Structure formats: C-alpha cells, structure tokens
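A.B. asks: Residues per chain are reported as follows:
There are 2 protein chains.
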Amino acid sequence: LTFQLTILGSNSAIPAHGRNHTSQILIINNEHFLIDCGEGTQLQITKYKCRLGRINHILISHLHGDHYLGLVGLISSMHLQGRKKPLTIYGPPGLAEIITLQLKYSQTVLNYPIEFKELQEDDPVIFQNFNMEITAFPVNHRIPCFGFLFKEKVKPRKIIKEKLPDWATSKDFNDLKAGKDIISPKGKVISFKTLTLPPKKSRSYAYCSDTRFMPELKTVVKKADLLYHEATFLHENIQWAETTFHSTTIEAATLAKEAKVGKLIIGHFSARYKDLSPFLVEVKSIFPNSELAIEGNHYEVSE
Amino acid sequence: LTFQLTILGSNSAIPAHGRNHTSQILIINNEHFLIDCGEGTQLQITKYKCRLGRINHILISHLHGDHYLGLVGLISSMHLQGRKKPLTIYGPPGLAEIITLQLKYSQTVLNYPIEFKELQEDDPVIFQNFNMEITAFPVNHRIPCFGFLFKEKVKPRKIIKEKLPDWATSKDFNDLKAGKDIISPKGKVISFKTLTLPPKKSRSYAYCSDTRFMPELKTVVKKADLLYHEATFLHENIQWAETTFHSTTIEAATLAKEAKVGKLIIGHFSARYKDLSPFLVEVKSIFPNSELAIEGNHYEVSE
Chain G
-14 LTFQLTILGS
-4 NSAIPAHGRN
6 HTSQILIINN
16 EHFLIDCGEG
26 TQLQITKYKC
36 RLGRINHILI
46 SHLHGDHYLG
56 LVGLISSMHL
66 QGRKKPLTIY
76 GPPGLAEIIT
86 LQLKYSQTVL
96 NYPIEFKELQ
106 EDDPVIFQNF
116 NMEITAFPVN
126 HRIPCFGFLF
136 KEKVKPRKII
146 KEKLPDWATS
156 KDFNDLKAGK
166 DIISPKGKVI
176 SFKTLTLPPK
186 KSRSYAYCSD
196 TRFMPELKTV
206 VKKADLLYHE
216 ATFLHENIQW
226 AETTFHSTTI
236 EAATLAKEAK
246 VGKLIIGHFS
256 ARYKDLSPFL
266 VEVKSIFPNS
276 ELAIEGNHYE
286 VSE
Chain Y
-14 LTFQLTILGS
-4 NSAIPAHGRN
6 HTSQILIINN
16 EHFLIDCGEG
26 TQLQITKYKC
36 RLGRINHILI
46 SHLHGDHYLG
56 LVGLISSMHL
66 QGRKKPLTIY
76 GPPGLAEIIT
86 LQLKYSQTVL
96 NYPIEFKELQ
106 EDDPVIFQNF
116 NMEITAFPVN
126 HRIPCFGFLF
136 KEKVKPRKII
146 KEKLPDWATS
156 KDFNDLKAGK
166 DIISPKGKVI
176 SFKTLTLPPK
186 KSRSYAYCSD
196 TRFMPELKTV
206 VKKADLLYHE
216 ATFLHENIQW
226 AETTFHSTTI
236 EAATLAKEAK
246 VGKLIIGHFS
256 ARYKDLSPFL
266 VEVKSIFPNS
276 ELAIEGNHYE
286 VSE
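Going down the list, the protein sequences come from chains G and Y. Under our numbering, the residues of the first sequence are numbered -14 to 288, in order. Under our numbering, the residues of the second sequence are numbered -14 to 288, in order.
Since the hints were derived computationally from the structure, they do not count as laboratory data. Wrong hints could be hidden among the right ones.
Each pair may be met inside one copy or between any two copies, as identical chains are not told apart.
As the list claims (entries may be wrong) - DSSO-like mimics (lysine-lysine), calculated; alpha carbons at most 27 Å apart, straight line:
hint, residue 1, residue 2
1, K248, K34
2, K69, K259
3, K140, K178
4, K203, K165
5, K102, K89
6, K173, K143
7, K143, K171
8, K259, K32
None of the values given here were measured: they were computed from a predicted structure.
Please model the complete structure; the sequences and the hints are all you need to start from.
C.D. replies: Rendered as structure tokens:
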C-alpha cells in the first residue's frame, strides 16, 4: 500500500530561487492529505500532476501566509471543477473565519460542504480511519502552530496458510490476524504465534514546521519512518533562528538523531540562501540519512 | 516619459496552460501601479523582473479570488523586504476587512503604513498627481466590480525657442506653456500660438475586467490609447458569457471599435481554451489593432 510524500513547496517567508511556499501531499493507502497550502499551491499541484479532486483533508499548521494563502484559491478551484464531496480542513483558530469572510465577499456558495476542525492543544487525535490516525501537537513558533504525526495503525498478522488447520473458521482467521489464540474443536488452545507471522510495520510520517528547536519533540516523533523538519537557516545563523522562532540544520538533524527516525527531510529554506548544498552537508554531518525537500520529489516509505 | 503596461497574468477563474491569474503593472512616468493581484502575483513580479519596491499603488477591481488572492502575500513580502514608505490600496468594500483580519491572525505589524481607499460608484477620481489621474467606474459583474481609466493630464505646449523674444520672463515662459498669450514690454499682445507648438498627446489606458459587455462604456474609454478588456470566451460561447457576466471576443472588439481606441488587448481567458489563436482571429475581424494579453509582454504607448 502507498505511503508517499510529495513536496510542492520548500521555501520560507518570501518565495525565491524557483522555490515556492510550503505545501506537501501525503498519500496513505489512497487517502490524500494536503499539508499546508502556501500561495500558488494549486499551480504546483497541476505542475506535478497531483490530483486536486483526490484531496479530502487539508491540514494547516499555522496562520503565517506562507503556509495557507493558497487555500481560498484551491477551495474555489475545487468548486469550479464541480466537486460535490465534502472537504475537511484542520487549522488553528481563525482559519474558518478568514475563509468564510473571503467566500462571503466573493458571494461564492460552494457546491460542496467544508467542515472546519479547529486544532486544540489538548485534543491530539484529529483524524482516524480503519488503518491510520493523525495526531496534532503544538510546536514553538511566534503564533499558535501545530505539527502533525501520521501513523498507520497496527496491521493484521500474516497467516501462514500451509499451517492453518482445516477446521479453522472465518472467526478463527480474524482472531489469528488480530493476534489472538484459537481453540480447536477438541478444545486445544493453539497459539497465534505458531500460525502467523508478525504484521508488516506500521509506517509513520512526522511534520514539524514552523518551530524553534524542541528537543522534547523526540518522544513525539520517535522512530518515525520519515521526519520533515524545518531548517530555515544554516547553523552559523542560529541567532536568526532564535529570534524568528525557526530551526537550523544542525538542530533538525539533532532531533532526527535523538528520535531515531528513518529519514530526515529538511525544508522551509530562507530566501537568503540560493545554494542549498551547505544545508545538506550540515544535516548529514549529524544524521546521514537526510535529504533536502525538493519540489516535485517523492519520498516513499516501503512496507 | 514612460507609459508601459506589463501583463503578469491573463487567465480567469482557474489558472491553466501556464497562464496565471490576473495582474498587470502600469508604469506612467516612474509611478508604478499594480492592477489586480491574483494568486502568485509576487512570483510573476520576480519572474518578469518588475520591482516590487517601486509599487506604491495597488488597484483591485473586485473580490473574486482570481483578482486579489495574491495581495496578502505581496504585502507581507514588501514588509519582509524592509519597506518603509506608504502603500495605497484601492478596492471595493470588504477588501480592507479581509486584509486586516489576515494580518491580525498572523500577528503581523507591518513596518510601513497601508492606506485603504474604498471604491465608490459616485466618486470617480481616485488618484491624481501633477501629470495624471485615475478614475474608477462601475462595470457589470456578478459582484461589485470597477474598471479603471488612467489618463495623463494636458501637457505643456512646446516653446519654439528660436521665436522666443529676448524680453520674455520666466512667467511668460510658463504662460506660453500653459497656452496663454503674453504681453511685450511695449504692451503688445503676442499669441501663444505663434511661439509654441501643440503639447504632446495625453496618453490613456483603460482597464475593464471583469464585466458583461457594456456598450455604454464607449464614452468612458473613448479614444483611449490602450484598452484592456476581458474576453473570457470565444463568441460561439456567448451564452456562457451572459450567465457568468463575462464578455466574448467580438463584444470586446466591438467596444474597442465603437470607442475608437488605439489598441485593444484582450485577456482573462477561460481555462477551457488551451489554444488562444482563435481569440486573436475573432477580435481582429472586428478591430484589427488587437493583441492577446501574454504574460511578460510589454505594451508601450509612445508620446
């Protein structure tokens, strides 16, 4: 099953050097999530041949323009494309008010319903379906801002078909997949461990942008297969990161290392840097399995 | 002196086929006016090497997203670039409320002042300086919408230096330029017509988007050197133009012809058309001096 992240934008505050504002699409098993939606996101979606109509959930981390100004245009384009199915938008307090005001003045009555879900610090699980859930967690920025953790639920154990007894019922089958022992018609308990293999791993993706370095996040993003963490500045400019509530390369890589994640992707680069190669050198010095968020690139997590 | 229009975006509702949402820059004698500001305008400004810092006046025709959604991002980038000088924004009622709400939630305190000027149907002159003025006029769209006419004031007459009498004072000089007769020390009235040539023409540019065809606009845009008029649809699709309050090629060209303008530029093309060449064929059949609004193109009016 698919678990794929696509980068649509990787630059911070001012778009520059061909880099657009933050946006990403995460696909988990056919469910498409749009994470942040900077200005021009709908153009990037077209450019990289993503499918607007497949997106049913949009998550906005915070209300700085470079993370949400593309949202009204996107909502409008969905409307003009004839969308009927509901759209759910998760964002900090204020987002619904902003969108509603803009739709009011354009006298737009959408032909599909939008449900706004306001992110709260004490309500971590914001979405779940049969095979995954999303939690939101506060990060440390100048205004209220949230990170997101996407995690597959525990998967069914794999039945070793050649060992399955003839008398096993469909209930036995489901019990074994769920890791429960079964009982034979003669009353003998048979351990699920002898008839099944461990489940495939439950994959996870953590998104942390924008934030000051938070070492305590290592428990939240622990062992995520994929961690996106902002690295707005090179480490020599740590004073700028401190004053603007952003992170540096070394800080992002340190979190990745301490949380023992699988792969680190850094992004949200400041417009002051044209050449990003020093970013990669710095993060790899701490956490070798790191990559730059490059627009149009896909990052897959295999099962 | 410069009188130059640059197209930054030419598509309607949904950006498509590499065409962006509406925005233009008009430069008249070093004053830079941004006309409409669809999503992604700041990227287009960078792409076409226009200078963000030179823009002191932004005019928004109406509050459909494809004409103003790039405004908050642009305001924010001006702030981040260290702008100090004031910015004046002209737009329909509601624009100030939308922008102010977004700045509130991003907790942005701009380091330069913005003055919002609300467009009203009965207050046509919205800006003037020593050499030009702008009037706003209502057009016929689904929501309140304005066109703009930029017009140079009458220019000074050109003095024929070799005919100027030795006794002429600086006051005489100014009177002649203003088209007034002067009096010699001996009391003789000398006609300004004998000492001056007619002034250079006063150039004008009219912007009409978005609107249903309004034949009565011909008096408003009469003899404009340059007329931009929306032509969202080919004429065979006039029923779509009628229901969505837009215009067709033939309608735009008819207005240009009846108003005896110098040149017609059409834009605001529907995303349903990839190939624009039929647009040009249709407008030229009525008004030969027509061009398509092509992004990055400059249209100059000579003196």
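A.B. asks: Evaluate each hint against the coordinates.
C.D. replies: Verification of the hints:
{"no.": "1", "hint": "K248 <-> K34", "result": "within (25 Å within a copy, 38 Å between copies)"}
{"no.": "2", "hint": "K69 <-> K259", "result": "between (42 Å within a copy, 25 Å between copies)"}
{"no.": "3", "hint": "K140 <-> K178", "result": "within (15 Å within a copy, 94 Å between copies)"}
{"no.": "4", "hint": "K203 <-> K165", "result": "neither (32 Å within a copy, 82 Å between copies)"}
{"no.": "5", "hint": "K102 <-> K89", "result": "both (19 Å within a copy, 20 Å between copies)"}
{"no.": "6", "hint": "K173 <-> K143", "result": "within (22 Å within a copy, 113 Å between copies)"}
{"no.": "7", "hint": "K143 <-> K171", "result": "within (25 Å within a copy, 116 Å between copies)"}
{"no.": "8", "hint": "K259 <-> K32", "result": "both (22 Å within a copy, 15 Å between copies)"}
In summary, the structure is inconsistent with hint 4 from the numbered list given earlier, while agreeing with all the others.
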